[in-house]
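Undergrad: Sequence:
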Amino acid sequence: MVDDLEKQFAALGNEEPAAPDFPDQDHVLIIEDDKRLAELTREYLEANGFQVSLEADGSKGVDRILTLQPDLVLLDLMLPGEDGLSICRRVRPNFSGPIMMMTARTDDMDQVLGLEMGADDYVSKPVQPRVLLARMRALLRRADQPSSSGEMRLRFENLEIDNATREAWLSGDRIDLTSAEFDLLWLLASNAGHVLTREEIFTQLRGIKYDGQDRSIDVRVSRIRPKIGDDPHQPHRIKTVRSKGYLFVKDS
Numbered sequence: 166m167v168d169d170l171e172k173q174f175a176a177l178g179n180e181e182p183a184a185p186d187f188p189d190q191d192h193v194l195i196i197e198d199d200k201r202l203a204e205l206t207r208e209y210l211e212a213n214g215f216q217v218s219l220e221a222d223g224s225k226g227v228d229r230i231l232t233l234q235p236d237l238v239l240l241d242l243m244l245p246g247e248d249g250l251s252i253c254r255r256v257r258p259n260f261s262g263p264i265m266m267m268t269a270r271t272d273d274m275d276q277v278l279g280l281e282m283g284a285d286d287y288v289s290k291p292v293q294p295r296v297l298l299a300r301m302r303a304l305l306r307r308a309d310q311p312s313s314s315g316e317m318r319l320r321f322e323n324l325e326i327d328n329a330t331r332e333a334w335l336s337g338d339r340i341d342l343t344s345a346e347f348d349l350l351w352l353l354a355s356n357a358g359h360v361l362t363r364e365e366i367f368t369q370l371r372g373i374k375y376d377g378q379d380r381s382i383d384v385r386v387s388r389i390r391p392k393i394g395d396d397p398h399q400p401h402r403i404k405t406v407r408s409k410g411y412l413f414v415k416d417s
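Residue 166 is where the sequence shown starts when you use the working numbering, and the numbers rise one by one after that.
Derived by calculation from the structure, the hints in this document are not laboratory data.
Cβ atoms here follow ideal geometry from the backbone N, Cα and C, with glycine treated the same way.
Any given hint might turn out to be false.
[Claimed, not checked] Label pairs and their in silico Cβ distance ranges:
1) 404 / 334: 18 to 24 Å
2) 259 / 359: 17 to 23 Å
3) 211 / 357: 38 to 44 Å
4) 357 / 383: 17 to 23 Å
5) 291 / 192: 37 to 43 Å
6) 295 / 335: 37 to 43 Å
7) 234 / 320: 27 to 33 Å
8) 246 / 368: 36 to 42 Å
9) 335 / 409: 25 to 31 Å
10) 224 / 357: 20 to 26 Å
11) 291 / 329: 37 to 43 Å
12) 332 / 383: 20 to 26 Å
Construct the complete structure from the given sequences, taking the supplied hints into account.
TA: As structure tokens, then:
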């Protein structure tokens, strides 16, 4: 797998990279125990304008994320010391930046578990370098830029959502949301009263067509509901519309 990736990185070596010395370059932390793969990925990302730090020991992953507070984390699922799922779960209360999980395993349940632990995206190895770069940039754009909606603050009874600060509060208490969870919550809330299909949600949040199988939106809705005081079994705020998508209910 690494040999194949090395060939892909080498094939991209003659392309003109983005300037690597941007004063506001994004900082990426790669937590990956395959040192050769980690170095190849670092070289490629640095050539495309990123600042990159590496960590190979899963037992140090939580401390490195919370200490560095990088703009994005590339987190391997299988690590020595502590696995990626545990790391993701433990850092989420104090780290709101994007986390992209990586694994060589093909089990769909790994993807679901990763998203449930708070990951923002999930890629299977080997991933093409250009695809990895594009998906990282998409995550960072969503984290850095507010929605195009003209209204920046929404209120629904005891729930407030601010798109300028990318924060939400329930009864005055700040809600811990990942970047991807906030994006989905804002999209649904800013379209309150209208059913959004999964196809529409995917297009607006990820810029790709819905393949009919990806469960990431459903997993995120299930995580958002209890955070905004919604009953997961009988939701009154974010309702599932069978065979269509989701409806954020307006105040009566």
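Undergrad: Evaluate each hint against the coordinates.
TA: Tested hints:
Between residue 404 and residue 334 the C-beta distance comes to about 22 Å, which sits within the given range of 18 to 24 Å. Between residue 259 and residue 359 the CB atoms are about 34 Å apart, so this pair departs from the stated range of 17 to 23 Å. Range check, residue 211 to residue 357: Cβ separation about 43 Å, and the 38 to 44 Å hint holds. Evaluation of the 17 to 23 Å hint for residue 357 and residue 383 yields a pass: the beta carbon distance comes to about 20 Å.
Our hint of 37 to 43 Å for residue 291 and residue 192 is violated, since their Cβ atoms are close to 24 Å apart. Range check, residue 295 to residue 335: Cβ separation about 40 Å, and the 37 to 43 Å hint holds. A beta carbon spacing of about 30 Å between residue 234 and residue 320 agrees with the range 27 to 33 Å that was offered as a hint. Against the hinted window of 36 to 42 Å, the Cβ-Cβ separation of residue 246 and residue 368 comes to about 39 Å, which satisfies the hint.
For residue 335 paired with residue 409, a C-beta distance near 27 Å keeps the hint of 25 to 31 Å intact. In this structure the hint that residue 224 and residue 357 lie 20 to 26 Å apart at CB is violated, the actual value being about 44 Å. Against the hinted window of 37 to 43 Å, the Cβ-Cβ separation of residue 291 and residue 329 comes to about 39 Å, which satisfies the hint. A beta carbon spacing of about 24 Å between residue 332 and residue 383 agrees with the range 20 to 26 Å that was offered as a hint.
Consistency with the previously given hints fails for numbers 2, 5 and 10, ordered from lowest to highest.
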